[in-house]
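J.: Produce the complete structure using the sequences and hints provided.
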Amino acid sequence: MIDYWPLLGIALVVVGFALRFNPLLVVAVAAIVTGLLGHMPFLKVLATLGHGFNENRYVSIIWIILPVIGLLERYGLQERARTLIAGIRGATTGRLLIVYLAFRQILSALGLTSVAGHAQTVRPLVAPMAVAAAEKQHGALDEETVEQVKAMSAATDNVGLFFGEDIFLAIASILLIQGSLASFGIELTPFQLSVWAIPTAICAFLIHGTRLLLLDRRLATVPRRRPGSRPKRTSGAVAPPAPRPSPGDKA
Amino acid sequence: MINLHWLYVLAGAVFAGFAIGSARDPTNSKHWGNAAFWLLLATSFWFGDFLGDVGNGVLVLALVAIAGLHLLGRGTSESTTPEEREHSSQRYGNKLFLPALIIPFTAFVGTLLFSYTPLKAFNLIDPKAVTLVLLGCGVIIAMVISYAWLRPPALTGIDEGSRLADAIGWAMVLPQMLASLGVIFAAAGVGTTIGAIVGAIIPQGSIFLAVLLYAIGMVSFTMIMGNAFAAFPVMAAAIGVPILIQADGGNPAVIGAVGMLAGFCGTLMTPMAANFNIVPAALLELKSQYGVIKVQVATAVPLLIANIAILYVAGFRL
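Going down the list, the sequences are from chains A and B. All residue numbers for the first sequence refer to my numbering, where the first residue is 1 and numbers rise by one. All residue numbers for the second sequence refer to my numbering, where the first residue is 1 and numbers rise by one.
Don't read these hints as lab results, they were simulated from the structure. Please note that the accuracy of each hint is not assured.
[Claimed, not checked] With the Cβ distance kept under 8 Å, some of the chain B side facing chain A (calculated, not the full set):
1. L39
2. N56
3. A165
All C-beta atoms in this analysis are idealised placements derived from N, C-alpha and C, irrespective of residue type, glycine included.
T.: See below:
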């Protein structure tokens with residue numbers, strides 16, 4: 001007899017995220033409910049939660065980069081990234097992000113996954129450059145377009161990472177596949193597996209690259225603001241000067 | 001040997017710095033909530049190994065309480081005006097990129113040096129943590145150079161760091177929380193249940209439908225768990241090995257590798273993969289916390305179809 005009750009935790013997560021409760025709260029409640037429905041005593045659930053949190057601290061190490069990035073932003077790093085792109089003839093958002101996609105895939109395929117990333121490269125360099133390139137092509141952008149260009153910069157980083165890293169032999173996911181199949185008596189070398197990451201890597205580059213070129217075309221048809229209407233943003237650096245409610249306030 | 005624990009000490013110090021910086025920000029009406037949040041994280045990095053599992057659990061609940069009761073906020077003041085930054089950007093020129101590039105460069109060159117040259121034999125750095133340790137070195141080098149060159153006021157690093165940290169807020173610990181949720185899901189038998197459900201609906205006699213179910217199972221379970229790692233062993237045990245490899249004679253390397261990559265398409269589409277999808281939305285200060293996911297769907301779906309085609313053609317027809 002299969003016990004379906006622990007699946008309620010999944011439903012809680014889906015509903016909680018959909019209703020935009022604070023995600024930390026949603027996850028904690030889902031964890032406790034799932035544990036209790038899985039016949040774990042409360043203290044055991046609490047201990048499992050704490051243990052998992054402690055064991056995964058390495059995920060949050062990347063934030064030690066924030067003081068340097070913040071310091072350089074204070075001295076105009078994002079503005080510099082924009083100036084640089086503005087000075088390159090033929091630079092467009094799509095082309096810039098395609099180059100970044102290729103770099104990210106190749107570096108990840110060499111096992112250098114942490115060299116770039118959202119904190120290391122996207123926020124300080126790639127996103128402001130992409131926005132600047134879009135502004136250069138099309139004049140001042142409306143807020144929605146700025147959002148989309150920034151989101152596309154982050155998406156490009158993810159696609160490059162996910163569909164490059166499995167080409168590297170010693171990456172965790174390849175070792176996991178090898179281990180899982182070995183437990184069924186199917187012996188494979190990492191090389192045999194990572195070779196089969198290449199077709200998908202090529203497809204990812206073609207599909208996402210096409211989308212980036214389409215973004216360029218779509219940006220080209222974004223109507224310039226009517227003369228006389230004041231553009232909302234003239235210096236669309238990533239950090240908006242206006243205050244905004246923190247994400248935590250979005251109950 | 002330098003291992004992750006050295007980095008935890010450094011990270012603890014940085015989070016303690018965020019706490020000081022947040023506490024010092026008078027424009028943030030909730031600055032004590034932020035300071036407490038970052039201080040708890042500093043505690044986790046410094047003393048997590050001594051708190052015991054229940055102690056860490058209580059720490060997690062405290063973090064959740066601060067975020068859930070909306071005690072986190074952010075300041076309104078920018079340290080410099082856009083004009084000042086523009087002026088400073090012109091003054092320092094493209095050299096401003098150098099400290100920022102030192103970090104990836106140190107990680108890149110260092111990883112190569114410590115992985116492929118005789119330096120490896122000295123065992124200076126734990127092989128499992130090489131890139132992260134070198135990233136940490138890069139951060140320290142970049143910080144020292146920036147201070148020596150730009151000569152900012154002493155606490156600038158702390159203030160600017162906490163400005164960014166406050167902007168990201170609770171999203172910073174969501175990936176760690178989700179990893180813990182994954183541990184609970186596994187302990188409560190969620191994976192076994194899902195494997196059993198999928199195993200019960202396997203279509204008979206059609207290789208293509210079995211491939212389809214395998215790929216879609218990987219995507220859905222990855223979306224639930226937030227990463228393909230948890231999904232793969234379950235789907236391999238339910239369909240991949242018994243049906244696709246053993247019964248239908250598919251190429252095991254293709255079924256394994258491309259099955260995992262089909263799961264990665266799911267990672268692009270789920271808020272549960274917070275460090276890839278939710279954190280960047282906060283880091284780039286997007287209005288919608290799902291902004292990154294929304295643009296990724298149109299890449300993930302065609303790529304999933306491509307993966308299904310590769311699974312079918314390369315797994316069974318080549």
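J.: Please name the hints from earlier in the document that this structure breaks, with their numbers sorted from lowest to highest.
T.: 1
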